[in-house]
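Trainee: Residue strings, one per chain:
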Amino acid sequence: MYLKKFQTAFNQTCAKVAYLCRHLFTTQTVFIIFFSLFSICREPAAETAFRFGVVPQFEVLHIQKIWGPVLTEVSKISGVQLRLVPSPSIPDFEKSFEKGEYDLAYMNPYHLLVANKFQAYTPVLKDNGRWLYGIIVVPKESLIKVVTDLNGKTIAFPSPNALGAALIPRAEFANKFRIEYTPKYVKSHTSVYLNVMLGQVDAGGGVQSTLNRQKPEIQETLRVLYETVKVSPHPIAVHPRVDTASVERIRNAFLELGRNEKGRQLLEKIPIKNIGLASMDDYLELKSLGLEQFYVTSGTK
Amino acid sequence: MSLRIKLLLPFVIFLVCSLLFLQFVWLPTYMKYEEKDLQRQEQSYLELLSTALLPDLLTGDLAKIHNTLDSIVQERDYWHSIILTNAAGVRLYPLETEADEPNTESMITSSYILNFQENRVAEIKAIMHFDELIGKKVRRIRMVELSLIGIIAIMAFIIIFFQDISIRRPLARLADASVQIAAGSYDAVLPPPSADEIGRFSRAFDKMRQTLKTRESELTRSRKRLASIIDNSVDAIINIDTKGIILSVNKAVETIFGYRQEELLDRNISIIMPEPYRHEHDGYIKKYLETGQSHIIGIGREVIGAHKNGSTIELYLAVSEVHVENQIIFTGLIRDISLQKKAEESLKQAKEEAEHANRAKSVFLANMSHEIRTPLNAVLGFSELLSTMVTGEKEISYLDSIRSSGKGLLTIINDILDLSKIEAGKLDFNYESIDLERLLREIQQIFIPTIRQKGIKIIVEPASEFSTGLILDEIRIRQVLINLVGNAVKFTHKGEVKISAKMKKGEAPGKNNLSISVSDTGIGIPKAQQDMIFKAFQQQETHTAKLYGGTGLGLTISERLVKMMNGKIYLESQEGNGSKFTVILSDVKSDNKLTIMSEEKNGIDLPEIDFDPASILVVDDVASNRELIKAMLVDTRIRLLEADSGEKALMIIQREKPDLVLLDIRMPGMNGFEVLKQIRRDINTRNIKVIVITASINFESSIQTDFSDFDGLLYKPVSVRDIIQELCRFLPYEIAQETKSNDHSRALPDNTKKISNLPTLIKLIETDIYTEWKKFKGVLEMDELSKFADHLIEIGKKHDAQVILWYAQKINSAIERFEIDTINDLMDQFPAVIDSIKKISS
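If you're matching them up, the sequences are chains A and B in order.
When we follow this note's numbering, the leftmost residue of the first sequence carries the number 190, and every step to the right adds one.
When we follow this note's numbering, the leftmost residue of the second sequence carries the number 9, and every step to the right adds one.
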């Protein structure tokens, strides 16, 4: 325990020194020497800590803030070292898990499908307290009453791959309602709502949670036209290389967290209301939606 | 205004002006400028913002836009609001339904239109209010202002404090000292001498104070001295203003006017003036001030003053005018001249007495000359007549002594009379054109006998320019030259006497300076005596007078005469080496007409005159004088009547109606003038010619009657020639034919029969007299000629030879008158006279 603390502290120190050195010394030799030293020092730790990836729904620091205490706690409980590996963007994250760079990862359900397909990541935990679904909002006074009214209209989405807000609705629009529309990707949920509210688009795709977080004046002007199918929310998936014992210990540790108040509070921020076990079966329905054809890949895809 | 305020005032004014300027000029400008600047700045920011917003707008990321704008609105508190509208005019931001348009004037709206590919995308409008922002800046500026004011105020205080210490207080102290000095106290404490200008001022002030002190004490001393002078002045000194008000007086006024000093102050000056001056005085001053004409300013004059007791005082007043600070003050210096006046009065009296005495002296002199000349006339005349009657050698020699002494006496009297005439300024000059060269030759002739005797030469060196006549008084020039030449001859024993004359051009045209010099090789005159010889009665030396004789008046008379003819005599002489007298006559005019009167006169000679029968009345109270004239005219065809008084004369004139009257002026009872008046009054006698005979030298001045009243004038002693000449003017006569052939016998008195002892006479003439004549002929030495004539008279009388007597008298007469030509002629006639006597004998 103390050793780990020491190691963490040492690692941090090393990182700081390296940082300093990068700035202080210009010669490559010095740089190499320090890096060698750095590598030597961290090598033993690398063997024991699992790399934990988190989908960058939020900024890196926010993620660190939410996930840092959770992983620390889980590591503490499980005795398995988990290390949060930040990812600057969703495409980066997607690339990383496609390459199997994470031992464990918290990702959206569609990512799970992809990760499972490419690296055989399997879900072990998910929020059993809620479902993931998308909503289609229109201005309150809009004449659009049903989804099919949206045919030929412009619909705003945060991004093409946003699961609840875009992927599922788009899949449904195409497969289930078979309507034609002009999508407009406006980067964020709030933007979707604002665009709808200000009449920039005829409708927008979002999720209930984000709508709920909007200012009352926004919420007041909007009407939920449609709710998509409900799917299991974001799972914590494990790479097949992680031994089952560790997976078990980690799973238990999360479940342990869900059982005590402090743990729940920590999980709430993720947000996981009621942590529970998960399996690939929970995501079969999602798989059936045929989302991949609507998924917009970047980089390799 | 005190120096402190004066110094502080600029600061305060500067501060106030600065503040006013800052507040009302600079600050508004600054605010406006700042506002514009901010607006510009914010506009560019807005543009930047818009550019930043463009991608989000294009993607429709309104949330991000909202976030960004929210944060901007929050961050830029002076941005009241941002309004973002899309191309369709739909407001994208903010969400508030109510338009948040600027509600105050201070709000500034800045807008920017976003275009993408030339399509309007949106318009962003920022509503800003800089009041607070600028207000902040202004507050900061105000703070700086206040600090500046504070600093300036502190600086002003410090400056004023130091000024107070180093300038104001020393100045105040100096001012106090000045006041004290003005009050007469020189002991005021001065500021300590610092090294600055105030210190210099202080030192200079101290020096000035010392100087002032010294000067004041000097002034006091001099004022005291002056005051004592003024107070002790015997003369009164009075200052008055232009209104005549007395400003100051000195003590002397008390003595002079009897007023006390304070009684006169502030009174009008007329108080010390008697009437009528009292009332006229103000008018004088007024007139002077108006016209500048004054009878008294700057001129001293005698005035009459009024004494307090009412009496008048004779004063001498000198008034001067002084300008004192635009005020005119007249200062009168008044001297009491009553005593002086009295003294003057007595002096005047004394002078009048002296003048009276002098007049008495002149009268006495004139009388004396008359009294002396009258008997001398008789003495000479009768000794002349007597010489023809006396035969004894002893008697003849006595007679000669009487005659020569008489003549000497006459010369002396003539000289003295000449001198007294000159001194009395009663000498008349008769200027006429004369031939100078002839005159010089005559003078040469006069002295020839003497120089022959002395063995010296006389040379005349006339200049060639004397071809024309010169306007001169011949008689006086002759008198001067004869005197000078006579002296030269007298004092020269060997060598020569030279007479030269030349003209020198004068200043005026036609006028020249005539220079005649007489030089000799005689004994010369010692330097010491050269100045004395022109003074009356001075001769070179006492023994010289004894040796050479003479009255010593000759040079004096000559000098005076030359002076009166506007000339001067110069003397150059060296003892033993001769003398040179130069007569220079200024402005001598030339004339082409030569007066030949003298020649005409000389042409008529007495022996040639043969008067036609006529009657002449001789009026004289002195019988001897009548006898003399009778004797003189005895050989003529003239009938002589006699009267011894004026009354008798008138009776005879009435009765006889004579052709001519010879009238003596001075007679007891009826004098000559009265007789003359009577003659002229009577229609029967009016045309009778009257020749006045007088012995008085002052005759001309004492004449009351018009000159036209008488026809001729003769001075005593009268010579035969004078009478003949004068008679020639009025009586018809004939000139003997023999004149031309130089035969004078017919002109001679025809009384040959009376000559006694003729052969002896002829013998005497042929021996002694002839030798004597030969000796004197051509030598015009008057004394010698006179002796010769006297000798002739002596012989003539001895032998009762009238012709000789007549001849000699003529010579004497000519000598007396210095008629050289006549003398020469007479001398030339001598052989004819001898011939006429010889003819008698044959």
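Certain hints may be false.
In silico EDC-like cross-links for lysine to aspartate or glutamate, where the CA-CA straight-line distance does not exceed 20 Å [said to hold, decoys possible]:
no.: 1; chain 1: A; residue 1: Lys404; chain 2: B; residue 2: Asp78
no.: 2; chain 1: B; residue 1: Lys847; chain 2: B; residue 2: Asp643
no.: 3; chain 1: A; residue 1: Lys373; chain 2: B; residue 2: Asp64
no.: 4; chain 1: B; residue 1: Lys597; chain 2: B; residue 2: Glu583
no.: 5; chain 1: B; residue 1: Lys215; chain 2: B; residue 2: Glu205
no.: 6; chain 1: A; residue 1: Lys284; chain 2: A; residue 2: Glu262
no.: 7; chain 1: B; residue 1: Lys571; chain 2: B; residue 2: Glu583
no.: 8; chain 1: A; residue 1: Lys376; chain 2: B; residue 2: Glu283
no.: 9; chain 1: B; residue 1: Lys221; chain 2: B; residue 2: Asp204
no.: 10; chain 1: B; residue 1: Lys145; chain 2: B; residue 2: Asp64
no.: 11; chain 1: B; residue 1: Lys350; chain 2: B; residue 2: Glu360
no.: 12; chain 1: B; residue 1: Lys665; chain 2: B; residue 2: Asp620
no.: 13; chain 1: B; residue 1: Lys369; chain 2: B; residue 2: Glu353
no.: 14; chain 1: A; residue 1: Lys376; chain 2: B; residue 2: Asp643
no.: 15; chain 1: B; residue 1: Lys656; chain 2: B; residue 2: Asp629
no.: 16; chain 1: B; residue 1: Lys597; chain 2: B; residue 2: Glu379
no.: 17; chain 1: A; residue 1: Lys329; chain 2: B; residue 2: Glu792
no.: 18; chain 1: A; residue 1: Lys404; chain 2: B; residue 2: Glu104
Facing chain A, a subset of chain B residues (Cβ under 10 Å, in silico) [stated by the list, open to error]:
no.: 19; residue: Gly68
no.: 20; residue: Asp69
no.: 21; residue: His74
no.: 22; residue: Ala96
no.: 23; residue: Val98
no.: 24; residue: Leu100
no.: 25; residue: Tyr101
no.: 26; residue: Leu103
no.: 27; residue: Ser202
no.: 28; residue: Glu205
no.: 29; residue: Arg208
Per label pair, the in silico range of CB-to-CB distance [unchecked claim]:
no.: 30; chain 1: A; residue 1: Thr343; chain 2: B; residue 2: Arg150; range: 54 to 62 Å
no.: 31; chain 1: A; residue 1: Pro372; chain 2: B; residue 2: Arg150; range: 31 to 39 Å
no.: 32; chain 1: A; residue 1: Thr343; chain 2: B; residue 2: Leu103; range: 18 to 26 Å
no.: 33; chain 1: A; residue 1: Val413; chain 2: B; residue 2: Leu103; range: 16 to 24 Å
no.: 34; chain 1: B; residue 1: Phe124; chain 2: A; residue 2: Val335; range: 33 to 41 Å
no.: 35; chain 1: A; residue 1: Thr343; chain 2: B; residue 2: Asn75; range: 18 to 26 Å
no.: 36; chain 1: A; residue 1: Thr261; chain 2: B; residue 2: Arg150; range: 55 to 63 Å
no.: 37; chain 1: B; residue 1: Phe124; chain 2: A; residue 2: Val413; range: 16 to 24 Å
no.: 38; chain 1: B; residue 1: Arg150; chain 2: A; residue 2: Pro277; range: 13 to 21 Å
no.: 39; chain 1: A; residue 1: Glu330; chain 2: B; residue 2: Val33; range: 17 to 25 Å
no.: 40; chain 1: B; residue 1: Phe124; chain 2: A; residue 2: Thr371; range: 54 to 62 Å
Hint data in this document are derived by calculation from the structure and do not stem from the laboratory.
Glycine included, every Cβ here is placed at the ideal spot set by N, Cα and C.
Trainee: Would you mind marking each hint as holding or not holding in the structure?
Mentor: Now for the hints, and whether the structure bears them out:
1. This hinted pair checks out: A:Lys404 and B:Asp78 have alpha carbons roughly 13 Å apart, not beyond 20 Å.
2. The suggested pairing of B:Lys847 with B:Asp643 holds, with an alpha-carbon distance near 19 Å, which does not exceed 20 Å.
3. Simply put, A:Lys373 and B:Asp64 have alpha-carbon atoms about 12 Å apart, close enough for the 20 Å limit, and the pair holds.
4. Using a Cα cut-off of 20 Å, the hinted pair B:Lys597 and B:Glu583 is violated, with the two alpha carbons roughly 36 Å apart.
5. For the suggested pair B:Lys215 and B:Glu205, the alpha carbons sit about 15 Å apart, so the restraint of at most 20 Å is met.
6. Restraint check: the Cα-Cα separation between A:Lys284 and A:Glu262 comes to about 28 Å, which exceeds 20 Å; the hinted pair is violated.
7. Proposed proximity of B:Lys571 and B:Glu583 is contradicted: the alpha carbons are some 26 Å apart, above 20 Å.
8. With a C-alpha separation of about 139 Å, the suggested pairing of A:Lys376 with B:Glu283 is violated against the 20 Å cut-off.
9. Of the supplied pair hints, the one linking B:Lys221 and B:Asp204 is violated, its CA atoms being roughly 25 Å apart against a limit of 20 Å.
10. Between B:Lys145 and B:Asp64 the CA atoms are separated by roughly 35 Å; this puts the pair beyond 20 Å, and the hint is violated.
11. A C-alpha spacing of about 15 Å is found between B:Lys350 and B:Glu360, which places the hinted pair at or below 20 Å, so the restraint holds.
12. Taking the CA atoms of B:Lys665 and B:Asp620, the gap is near 17 Å; set against the 20 Å cutoff, the hint holds.
13. With a C-alpha separation of about 23 Å, the suggested pair B:Lys369 and B:Glu353 falls outside the 20 Å cut-off, and the hint is violated.
14. Pair hint A:Lys376 plus B:Asp643 does not hold up; C-alpha atoms about 197 Å apart against a cutoff of 20 Å.
15. The suggested pairing of B:Lys656 with B:Asp629 holds, with an alpha-carbon distance near 10 Å, which does not exceed 20 Å.
16. Restraint check: the Cα-Cα separation between B:Lys597 and B:Glu379 comes to about 41 Å, which exceeds 20 Å; the hinted pair is violated.
17. Note on A:Lys329 and B:Glu792: the hinted pairing is violated, with a Cα-Cα distance of about 191 Å set against a maximum of 20 Å.
18. At roughly 12 Å between alpha-carbon atoms, A:Lys404 and B:Glu104 fall within 20 Å of each other, so this suggested pair holds.
19. Interface restraint check: B:Gly68 against chain A, minimum CB-CB distance 4 Å, threshold 10 Å, status holds.
20. Below 10 Å, beta-carbon pairs count as interface contacts, and B:Asp69 has one with chain A at about 4 Å; its hint therefore holds.
21. Because the beta carbon of B:His74 sits about 6 Å from the nearest beta carbon in chain A, less than 10 Å, this interface hint is met.
22. The beta carbon of B:Ala96 comes within 9 Å of a beta carbon in chain A, closer than 10 Å, and the hint placing it at the interface holds.
23. The beta carbon of B:Val98 comes within 6 Å of a beta carbon in chain A, closer than 10 Å, and the hint placing it at the interface holds.
24. The beta carbon of B:Leu100 comes within 6 Å of a beta carbon in chain A, closer than 10 Å, and the hint placing it at the interface holds.
25. The criterion of a C-beta within 10 Å of any C-beta in chain A is met by B:Tyr101, whose closest approach is roughly 9 Å, and the hint holds.
26. Among the interface hints, the one on B:Leu103 holds; its C-beta lies about 6 Å from the nearest C-beta in chain A, closer than the 10 Å criterion.
27. For the restraint placing B:Ser202 at the interface with chain A, the shortest Cβ-Cβ distance is roughly 67 Å, beyond the 10 Å limit, so the hint is violated.
28. For B:Glu205, the interface hint is violated, the least distance from its beta-carbon to any beta-carbon of chain A being 68 Å, above 10 Å.
29. The interface hint given for B:Arg208 is violated, since its Cβ lies 71 Å from the closest Cβ of chain A, which is over the 10 Å cut-off.
30. Against the hinted window of 54 to 62 Å, the Cβ-Cβ separation of A:Thr343 and B:Arg150 comes to about 56 Å, which satisfies the hint.
31. For the hinted restraint 31 to 39 Å between A:Pro372 and B:Arg150, the CB-CB distance of approximately 59 Å leaves it violated.
32. Distance hint check: the CB atoms of A:Thr343 and B:Leu103 are about 20 Å apart, consistent with the given range 18 to 26 Å.
33. With their beta carbons about 19 Å apart, A:Val413 and B:Leu103 fall inside the hinted range of 16 to 24 Å.
34. Here the CB-CB span from B:Phe124 to A:Val335 is close to 35 Å, well matched to the stated 33 to 41 Å.
35. Hint check: A:Thr343 to B:Asn75, Cβ distance near 23 Å, so the stated range 18 to 26 Å holds.
36. For the pair A:Thr261 and B:Arg150, the beta carbons lie near 56 Å from each other, so the given range of 55 to 63 Å is met.
37. Between B:Phe124 and A:Val413 the Cβ separation comes to about 33 Å, which falls outside the hinted range of 16 to 24 Å.
38. Checked against the hint of 13 to 21 Å, the C-beta distance between B:Arg150 and A:Pro277 comes to roughly 51 Å, which is inconsistent with it.
39. Against the hinted window of 17 to 25 Å, the Cβ-Cβ separation of A:Glu330 and B:Val33 comes to about 58 Å, which falls outside the hint.
40. Restraint check, B:Phe124 to A:Thr371: a C-beta distance of roughly 18 Å breaks the suggested window 54 to 62 Å.
Hint compliance for this structure: hints 4, 6, 7, 8, 9, 10, 13, 14, 16, 17, 27, 28, 29, 31, 37, 38, 39, 40 are not met, and every other hint is.
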